[in-house]
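Chemist: Protein chains in written order, with the working numbering: chain A, 52 to 409; chain B, 52 to 409.
To be clear, the hints were calculated from the coordinates, so they are not data collected in a lab.
Among these hints, one or two may not hold up.
No copy labels: a pair is met if it fits in one copy or bridges any two.
Below, in silico cross-link-like pairs of lysine to aspartate or glutamate (EDC-like), each with a Cα-Cα straight-line distance of 16 Å or less [to be verified]: (1) 252 <-> 217; (2) 134 <-> 249; (3) 252 <-> 132; (4) 117 <-> 103; (5) 134 <-> 250; (6) 252 <-> 211.
Remember, predicted model here, so these are calculated numbers, not experimental data.
Number of protein chains: 2
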Amino acid sequence: MTAPTDHQTANARTLISIDAMGGDLGPAAVVAGCLKSARANPDISFVLHGPEAELHALVNKHADLKERTTIRNATGVVTMEDKPSQVVRSGKDTSMWSAIEAVRSGEASVAVSCGNTGALMALSMIRLRKLPGVNRPAIAVLYPSSNASGFNVMLDVGADIRADADDLLRFALMGMSYARNGLDLKCPRVGLLNVGTEEHKGRSELKEAYDLIRDHQSDAAYEFVGFVEGGDISGNMADVIVTDGFTGNVAIKTGEGTASLIGQRLREAFKYSPLSRLSSLLAYTSLMRLQKKIDPRRVNGGVFLGLNGTVVKSHGSADATGISAAIKLAAQLSENGFNDKLAARVAASLPTEETTTE
Amino acid sequence: MTAPTDHQTANARTLISIDAMGGDLGPAAVVAGCLKSARANPDISFVLHGPEAELHALVNKHADLKERTTIRNATGVVTMEDKPSQVVRSGKDTSMWSAIEAVRSGEASVAVSCGNTGALMALSMIRLRKLPGVNRPAIAVLYPSSNASGFNVMLDVGADIRADADDLLRFALMGMSYARNGLDLKCPRVGLLNVGTEEHKGRSELKEAYDLIRDHQSDAAYEFVGFVEGGDISGNMADVIVTDGFTGNVAIKTGEGTASLIGQRLREAFKYSPLSRLSSLLAYTSLMRLQKKIDPRRVNGGVFLGLNGTVVKSHGSADATGISAAIKLAAQLSENGFNDKLAARVAASLPTEETTTE
Chain A
52 MTAPTDHQTA
62 NARTLISIDA
72 MGGDLGPAAV
82 VAGCLKSARA
92 NPDISFVLHG
102 PEAELHALVN
112 KHADLKERTT
122 IRNATGVVTM
132 EDKPSQVVRS
142 GKDTSMWSAI
152 EAVRSGEASV
162 AVSCGNTGAL
172 MALSMIRLRK
182 LPGVNRPAIA
192 VLYPSSNASG
202 FNVMLDVGAD
212 IRADADDLLR
222 FALMGMSYAR
232 NGLDLKCPRV
242 GLLNVGTEEH
252 KGRSELKEAY
262 DLIRDHQSDA
272 AYEFVGFVEG
282 GDISGNMADV
292 IVTDGFTGNV
302 AIKTGEGTAS
312 LIGQRLREAF
322 KYSPLSRLSS
332 LLAYTSLMRL
342 QKKIDPRRVN
352 GGVFLGLNGT
362 VVKSHGSADA
372 TGISAAIKLA
382 AQLSENGFND
392 KLAARVAASL
402 PTEETTTE
Chain B
52 MTAPTDHQTA
62 NARTLISIDA
72 MGGDLGPAAV
82 VAGCLKSARA
92 NPDISFVLHG
102 PEAELHALVN
112 KHADLKERTT
122 IRNATGVVTM
132 EDKPSQVVRS
142 GKDTSMWSAI
152 EAVRSGEASV
162 AVSCGNTGAL
172 MALSMIRLRK
182 LPGVNRPAIA
192 VLYPSSNASG
202 FNVMLDVGAD
212 IRADADDLLR
222 FALMGMSYAR
232 NGLDLKCPRV
242 GLLNVGTEEH
252 KGRSELKEAY
262 DLIRDHQSDA
272 AYEFVGFVEG
282 GDISGNMADV
292 IVTDGFTGNV
302 AIKTGEGTAS
312 LIGQRLREAF
322 KYSPLSRLSS
332 LLAYTSLMRL
342 QKKIDPRRVN
352 GGVFLGLNGT
362 VVKSHGSADA
372 TGISAAIKLA
382 AQLSENGFND
392 KLAARVAASL
402 PTEETTTE
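Build out the structure end to end from the sequences listed, making use of the hints.
Modeler: Next comes the structure, spelled out in structure tokens:
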């Protein structure tokens, strides 16, 4: 990314399409997240989807946000209870639909939503359509880990509740491409999540996927490290963790819940006695440094991989910091043309072609 | 548990059968764990299975352990690579087989092993046999949580890689019984692990299990809280988390891995600067208090539920502290007659009988 030149105008900014509704904290949190991002990054602008009057009232408070934001009226809201099939059939008036439409039309390069994951995935699939060679798209997240970059790519974490061996191979290819482009790893290590690292363990589709992923590694510029276990998601055995969306979803939520429990216990430990309260004052900077490193809000944002267009799913409970992190990720992916690279990678690797794509 | 009286002799101690082999750290760690437990609990004694000469050399160093330990020679070792079916067919000479045999014969009331989980489960099933009404036994663990007792019961965490709706109902009943007897909860809250809390979400066997567990709750003295998510494993939504062994295994290992990553980052944060090193000295007690609360070794030990006899599976990587925690759990379960209560509970709840059992 280069610094903006004099010739660049507001139109040259990366336009991000944002679903203002459907998050647990409502549109105020989403607008606060946009504001945070706008102040941190001069190169982005927004098209915000939701009830016009409400959004105007929120955006107009901030002149620096207002001048970079277009509001698109959408009166319907997709709730967490709505069935994906319902939303696809009759959700045309919703802010989520409108946000995806802006990507479909080419107006924006990427959409961000913190609404109902199932509905967002279903809408994204129907409206943006799958890339050639992709049967099941996947949601990928960056999970804090002990490897050099500080993160592993993990997918699928909930686009679908199942995946067969072929899907798992495609997840490996898409995750590898994300790790190359997002984490700057030349030859990412790919691991397949299982209940043990021995080759004979696990479900039959995993054994089949093991062979497929192993056999593709020479063509596709990744190193297959074989089966990995839950503990390796935060470890340094692999850079890309491949699994089905049910297991992946449970795993990341378990990890987040455990991290949050430890944070709570840490605060309790430091409130225990006058001495521990004193020590917590002195330890404040260290603790803040730690919190910054493990705060799940800072890596908020799963990316839907395998579609004609980029969609970033933020946590339903994301606050301004979380939404701003999702916007940052969306802007990065949009700016580096990641989706085209991924499409080329999947297309090149699948039959037996040996075209090399970044 | 009452204090030992003058009439009690070494024979009145709770005898625990211990597989000394198959753990990552070898028999020295197992013997060190026994020593720790022996010193903490005067009411237990051991029968230790493995290569006689090696075990004698380790045990004889400690007079207080020696007088409470019988060594049973077994030359074979089940490795982590051995297939369960192999071990069942030709593992008669192994320390694992011998350890389970001591429970089967009634000599010991409970067995502890840190060896190959699949082999231990297969041997336990074949030699101890399943309880009436149980198709798939399960491994249950205590997972640190924010509820009153500080722990949730979670099962299955790896006895099998699949479970149908009927199995999940039995897991609910067995987990509930464990929570009543192990955590002293009169009416445990049972949750079914899924990727969302909405009723229509998830795999079909989960929807079926939802109905079964809900319909049994009035007879069986638990409260069904419905679907729970990964974050609830360490939360306060349920006391018992029911899932299949694949998902459960990945989830607990993810949680442990995440906790260990945070611990590592916490140490780094406190080494960052002279001030943070000073503050860590002052914070030492607080940090130790925290570590004690979240140390996975202190809740080490999964319990096999659904068999005619109790088997405690310790982590393969357990050290003396971990093994001692598993022995402590084994002794508690043995002393309170938990397995008979669980058997009665499953038998009573399954058809439509309404016998109430503790």
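Chemist: Indicate, hint by hint, whether the structure satisfies it.
Modeler: Now for the hints, and whether the structure bears them out:
Taking the shortest alpha-carbon separations for residue 252 and residue 217, neither the intra-copy value of 19 Å nor the inter-copy value of 24 Å comes in at or below 16 Å. In this assembly of identical chains, the alpha carbons of residue 134 and residue 249 lie at most 16 Å apart only when taken from different copies (10 Å versus 39 Å within one copy). Proximity of residue 252 and residue 132 under a CA criterion of 16 Å is satisfied inter-copy only: 10 Å between copies versus 37 Å inside one chain copy. Within a single copy, residue 117 and residue 103 get their C-alpha atoms as close as 13 Å, which meets the 16 Å cut-off; across copies the closest is 79 Å, which misses it.
Within a single copy, residue 134 and residue 250 get their C-alpha atoms only as close as 38 Å, which misses the 16 Å cut-off; across copies the closest is 11 Å, which meets it. Taking identical chains as interchangeable, the C-alpha atoms of residue 252 and residue 211 lie at most 16 Å apart only when they sit on different chains, with a minimum of 11 Å there against 23 Å within one chain.
Violation of the numbered hints given earlier is confined to hint 1; every other hint is satisfied by the structure.
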